[in-house]
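Let chain A serve as the given structure and place chain U on it in line with the hints.
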Amino acid sequence: MTKSMLIEKVTERMDDFTKKQVEAIIDTIFDGMKDAILRGEKIEIRGFGNFRLKQRNAKTARNPKTGEKLQVPPKNALHFKIGKPFHNALNSISRDV
Amino acid sequence: MTKADIVQLVFEKVGLPRSEAHEIVETVFDTIKKTLIDGETIKISGFGTFTVRKKGSRIGRNPKTKEEVEITPRRVVTFRASDYLKELVEKT
Chain A
1 MTKSMLIEKV
11 TERMDDFTKK
21 QVEAIIDTIF
31 DGMKDAILRG
41 EKIEIRGFGN
51 FRLKQRNAKT
61 ARNPKTGEKL
71 QVPPKNALHF
81 KIGKPFHNAL
91 NSISRDV
Chain U
98 MTKADIVQLV
108 FEKVGLPRSE
118 AHEIVETVFD
128 TIKKTLIDGE
138 TIKISGFGTF
148 TVRKKGSRIG
158 RNPKTKEEVE
168 ITPRRVVTFR
178 ASDYLKELVE
188 KT
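Line by line, the protein sequences give chains A and U.
Start counting the first sequence at 1; every next residue gets the next number (the numbering used here).
Start counting the second sequence at 98; every next residue gets the next number (the numbering used here).
Hints listed in this document are in silico derivations from the structure and should not be mistaken for laboratory results.
Model, not experiment: these values are computed from the prediction.
Virtual Cβ for every residue (Gly too), placed ideally from N, Cα, C.
Each hint should be verified, as a subset may be incorrect.
[As the list claims (entries may be wrong)] With a cut-off of at most 25 Å between alpha-carbon atoms, the simulated DSS-like pairs for lysine-lysine come out as follows: (1) A:K75 x A:K59; (2) U:K131 x U:K152; (3) A:K81 x U:K161; (4) A:K20 x U:K131; (5) A:K69 x U:K188; (6) A:K54 x U:K100; (7) U:K183 x A:K75; (8) U:K131 x U:K100; (9) U:K100 x A:K9; (10) A:K20 x A:K9; (11) A:K54 x U:K188; (12) A:K3 x U:K183; (13) U:K140 x U:K183; (14) U:K140 x U:K151; (15) A:K59 x U:K188; (16) A:K42 x U:K110; (17) A:K3 x A:K42; (18) U:K183 x A:K42; (19) U:K110 x A:K9; (20) A:K84 x A:K54; (21) U:K131 x U:K151; (22) A:K19 x U:K100; (23) U:K183 x A:K81; (24) A:K9 x A:K19; (25) U:K100 x A:K20; (26) A:K42 x A:K54; (27) A:K42 x U:K140; (28) A:K84 x U:K131; (29) A:K81 x A:K3; (30) U:K110 x A:K19; (31) A:K54 x U:K152; (32) U:K140 x A:K84; (33) U:K140 x A:K81; (34) U:K110 x U:K100; (35) U:K131 x A:K42.
[As the list claims (entries may be wrong)] One-sided and incomplete, this derived list gives chain A residues near chain U with beta-carbon spacing under 7 Å: (36) V10; (37) T28; (38) F30; (39) F48; (40) F80.
Pulled out of the complex, with its shape left as it was, chain A reads as follows (with noise of 0.2 Å):
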């Protein structure tokens, strides 16, 4: 599913707002969860799962081709961790047991 039709699966649940409103909040969304991930804060999305940076050393790696090392800087990668509710649904488990 792409982002337009997400737009459109939202827009059907909702009834006051046009395809249109639903893009602009779409787009706030997920342009204002990029900000807060490049200032370097965390997003906790209850029921949904949290973002956060995680830092991956420097290493040496090897081109495969020519047997050459190189040096590769130590750099953030974005991890997402799914919340517990939302993993108990994924896989069927009921709250009770």
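Chain U in isolation, oriented as in the chain A frame:
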């Protein structure tokens, strides 16, 4: 950033009443969740892709007691940042 901060952004930037901003933010994440539960991938251009993967059972170990336990087969969601976001994040 929490869900409340996202609602606040929608309230400020789109000019919706707070209650409606809250409702639509919930609906957006709920729709994404339901789609993934159905096993479908979600791709948000400029942000990233959420995919559901099936994992078979494997043997895990309790790191404290060293006791071996079977990790049951499960479905997991993996997120891959888009090339654009990944590049920005690496420099953060």
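Evaluated hints:
1. A:K75 x A:K59: Answer holds: K75 of chain A to K59 of chain A is near 10 Å, not above 25 Å.
2. U:K131 x U:K152: Holds, because 20 Å separates the two Cα atoms, which is no more than 25 Å.
3. A:K81 x U:K161: With Cα atoms ~23 Å apart, K81 of chain A and K161 of chain U stay inside 25 Å; holds.
4. A:K20 x U:K131: Judged against 25 Å, a Cα distance of about 22 Å means the pair holds.
5. A:K69 x U:K188: holds, 22 Å
6. A:K54 x U:K100: holds, 21 Å
7. U:K183 x A:K75: holds, 10 Å
8. U:K131 x U:K100: Answer holds: K131 of chain U to K100 of chain U is near 18 Å, not above 25 Å.
9. U:K100 x A:K9: Between K100 of chain U and K9 of chain A the Cα gap is close to 20 Å, so the pair holds against 25 Å.
10. A:K20 x A:K9: holds, 13 Å
11. A:K54 x U:K188: holds, 12 Å
12. A:K3 x U:K183: Since the Cα atoms of K3 of chain A and K183 of chain U sit roughly 18 Å apart, the hinted pair holds (cutoff 25 Å).
13. U:K140 x U:K183: holds, 15 Å
14. U:K140 x U:K151: This hinted pair holds, its Cα atoms lying about 18 Å apart.
15. A:K59 x U:K188: Distance ~16 Å between K59 of chain A and K188 of chain U Cα, so the pair holds.
16. A:K42 x U:K110: Distance of about 21 Å is within 25 Å: holds.
17. A:K3 x A:K42: This hinted pair holds, its Cα atoms lying about 23 Å apart.
18. U:K183 x A:K42: With Cα atoms ~16 Å apart, K183 of chain U and K42 of chain A stay inside 25 Å; holds.
19. U:K110 x A:K9: holds, 22 Å
20. A:K84 x A:K54: holds, 20 Å
21. U:K131 x U:K151: Holds. K131 of chain U to K151 of chain U sits at ~17 Å (cutoff 25 Å).
22. A:K19 x U:K100: Roughly 22 Å between the alpha carbons, so the hint for K19 of chain A and K100 of chain U holds.
23. U:K183 x A:K81: holds, 17 Å
24. A:K9 x A:K19: Measuring from Cα to Cα gives roughly 10 Å; hence the hint holds.
25. U:K100 x A:K20: Holds - the C-alpha atoms of K20 of chain A and K100 of chain U are around 22 Å apart, at most 25 Å.
26. A:K42 x A:K54: holds, 10 Å
27. A:K42 x U:K140: holds, 21 Å
28. A:K84 x U:K131: Within the cut-off at roughly 15 Å; holds.
29. A:K81 x A:K3: holds, 21 Å
30. U:K110 x A:K19: holds, 17 Å
31. A:K54 x U:K152: Holds, because 23 Å separates the two Cα atoms, which is no more than 25 Å.
32. U:K140 x A:K84: holds, 22 Å
33. U:K140 x A:K81: Holds. K140 of chain U to K81 of chain A sits at ~17 Å (cutoff 25 Å).
34. U:K110 x U:K100: holds, 15 Å
35. U:K131 x A:K42: Measuring from Cα to Cα gives roughly 24 Å; hence the hint holds.
36. V10: Given a least distance of 5 Å, the restraint on V10 of chain A holds.
37. T28: holds, 5 Å
38. F30: With a minimum Cβ separation of about 5 Å from chain U (threshold 7 Å), the hint on F30 of chain A holds.
39. F48: holds, 5 Å
40. F80: holds, 3 Å
Of the hints listed earlier, there is not a single one the structure fails to meet.
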